[in-house]
Each structure stands twice: as structure tokens, then as C-alpha cells.
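Trainee: Spelled out from the first residue to the last, the chains are:
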Amino acid sequence: GAGVSQSPSNKVTEKGKDVELRCDPISGHTALYWYRQRLGQGLEFLIYFQGNSAPDKSGLPSDRFSAERTGESVSTLTIQRTQQEDSAVYLCASSLKQGTNTGELFFGEGSRLTVL
Amino acid sequence: GQNIDQPTEMTATEGAIVQINCTYQTSGFNGLFWYQQHAGEAPTFLSYNVLDGLEEKGRFSSFLSRSKGYSYLLLKELQMKDSASYLCAVRDYTGGFKTIFGAGTRLFVKA
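First to last, the sequence lines map onto chains V and P. For the first sequence, counting from 1, position 71 maps to 71 in the numbering used here; every step adds exactly one. Just add 1000 to the spot in the second sequence (first one is 1) and you have the numbering used here.
Pulled out of the complex, with its shape left as it was, chain V reads as follows (with noise of 0.2 Å):
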């Protein structure tokens, strides 16, 4: 498609359960992010992409947070024994390679998580 897309673009979920996002980059992005944004606060790093290795996990906020990505393709997310605090909004960005132009990443509309 033309822009990134996310799927479930919502997602209610009982305590305990585990839940896999999906994020499809633009074509050609070689870069990939997820972000984690609460009601009312600033996008929260979790993890990123350069081609499907992750040079950078340190965002994730527990081990029970994993994301994988094919190739220069689709990502998932993974959140294991769901709780109530891993309610919000996961934004997926991707960009081109850096270098290449800004670097300017473009999002997705978000999954919302809601964990009863």
C-alpha cells in the first residue's frame, strides 16, 4: 500500500491473554519502529529495525515484549501475559534508509490495546 499499515487497529484483551500487532512499512523503507503512546503522553520508544536485525531493544518494557520483522517487511509485536498497564495506542513508523534523504518518519494510525 501506500502508507503504513497497522493491524488490529483496536484490540480489547482480558488480563493474561497475549496480543500480536502488525505493521506493514512503505514499500522500500528499510527502517522500522514501534512506539508506545498512553493516553495524553509522548510516543515511548520501544524498539527499532534496520532491516530485520534490532540494533536497539532497549525500549521494551519487559520480557514479556518481543517484536520480530521479515526482511524489510512486515513486523510484529508481541505482548505475553497481558496487563492492565500495557494499555495505549502502538504506533508503527517507518523511514528510508538513512542517508537517503531526512530520514522523516512516517506512522501508521495505531493499534489501540485495551487490557480488561
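Hints were generated in silico from the structure; no laboratory data involved. Accuracy of the hints is not assured; some may be wrong.
Computed list of lysine to aspartate or glutamate pairs in EDC-like fashion (alpha-carbon distance at most 20 Å, straight line) [stated by the list, open to error]: (1) P:K1057 x P:D1082; (2) V:K97 x V:E68; (3) P:K1110 x P:E1014; (4) V:K57 x P:D1092; (5) P:K1110 x P:D1005; (6) V:K97 x P:D1092; (7) P:K1076 x P:E1009; (8) P:K1076 x P:D1092; (9) P:K1057 x V:E104; (10) V:K11 x P:E1041; (11) V:K17 x V:E85; (12) P:K1110 x P:E1056.
Below, a sample of chain P positions facing chain V; criterion: calculated Cβ distance under 7 Å [claimed, not checked]: (13) G1040; (14) A1042; (15) P1043; (16) F1045; (17) L1046; (18) Y1048; (19) K1098; (20) F1101; (21) G1102; (22) A1103; (23) G1104.
Glycine included, each C-beta is placed from N, C-alpha and C at the ideal position.
Keeping the supplied structure of chain V fixed, place chain P upon it in accordance with the hints.
Mentor: Showing chain P alone in chain V's frame:
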């Protein structure tokens, strides 16, 4: 590590000018970005500075001073639709060019 500070909220009047400041600390500075985020929507790119000075783009301008770790976003001829959050973000080359965001400044434009 990185640290980015910007005011939490600002209010301005339609037709006026507003300046949103951002200070940052980072070990591997590689560019500063401003994004706009309307409530319930994804952030969208506004401006990029990597060298000192002013970048102008229509009603929006962004300034950078690397030695002071300081940037501002200037919005002229404010319109009601400019009511949004403005996010200052810094790209850091340590750990592979990751982009870190400040908490954002919520701007309210009143008639």
C-alpha cells in the same frame, strides 16, 4: 542516553504567532524533527534541522542551535486547525540512528 524537554501546554490566539521551545541532550546528535499530532491521529512530519539556523516552510519555521541543544518551532498566522500536539524528536546515531520523542506540547488556538 537522551533527554528532550518541551512545555506541556500553550495557548495562543487565532492569527497570532507562537513559539514552541525544545531543549535536548544526546550523545550522538544526528538531526532534530518536529511532528504535528492531532488528537486521535498519527503524528505527521513538519520539519527537519541538522545544521544550525532557521528552516522556513510556509507558516512554519524551525530553528536549531546544536551548541545550546536548543530548537524552536515557530507558527505564524495561527489557525484553529493548528490546535494539536507538537512533538520535538531527536535522532541519535548511537545504537543505530534511532529517533526519540519528547512528551509533546499541546497547543490550544482560541478565537
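Trainee: So, for every hint listed, does it hold in this structure?
Mentor: To see whether the hints hold, each was checked on the structure:
1. P:K1057 x P:D1082: holds (15 Å)
2. V:K97 x V:E68: holds (19 Å)
3. P:K1110 x P:E1014: holds (6 Å)
4. V:K57 x P:D1092: holds (14 Å)
5. P:K1110 x P:D1005: Distance ~25 Å between P:K1110 and P:D1005 Cα, so the pair is violated.
6. V:K97 x P:D1092: holds (14 Å)
7. P:K1076 x P:E1009: Measuring from Cα to Cα gives roughly 18 Å; hence the hint holds.
8. P:K1076 x P:D1092: Status violated; Cα separation ~29 Å.
9. P:K1057 x V:E104: holds (15 Å)
10. V:K11 x P:E1041: holds (17 Å)
11. V:K17 x V:E85: holds (13 Å)
12. P:K1110 x P:E1056: The given pair, whose Cα atoms are some 24 Å apart, is violated under the 20 Å limit.
13. G1040: violated (9 Å)
14. A1042: holds (4 Å)
15. P1043: Since chain V brings a Cβ to about 5 Å from P:P1043, closer than 7 Å, the hint holds.
16. F1045: Status holds, d = 4 Å.
17. L1046: Violated, because the Cβ-Cβ distance from P:L1046 to chain V comes to roughly 9 Å (cut-off 7 Å).
18. Y1048: holds (4 Å)
19. K1098: Because about 5 Å separates P:K1098 from the closest Cβ in chain V, which is inside the 7 Å limit, the hint holds.
20. F1101: OK, holds: P:F1101 within 7 Å of chain V, min 4 Å.
21. G1102: Since chain V brings a Cβ to about 6 Å from P:G1102, closer than 7 Å, the hint holds.
22. A1103: With a minimum Cβ separation of about 4 Å from chain V (threshold 7 Å), the hint on P:A1103 holds.
23. G1104: Where the cut-off is 7 Å and the nearest Cβ of chain V is about 5 Å from P:G1104, the hint holds.
Hint compliance for this structure: hints 5, 8, 12, 13, 17 are broken, all remaining hints hold.
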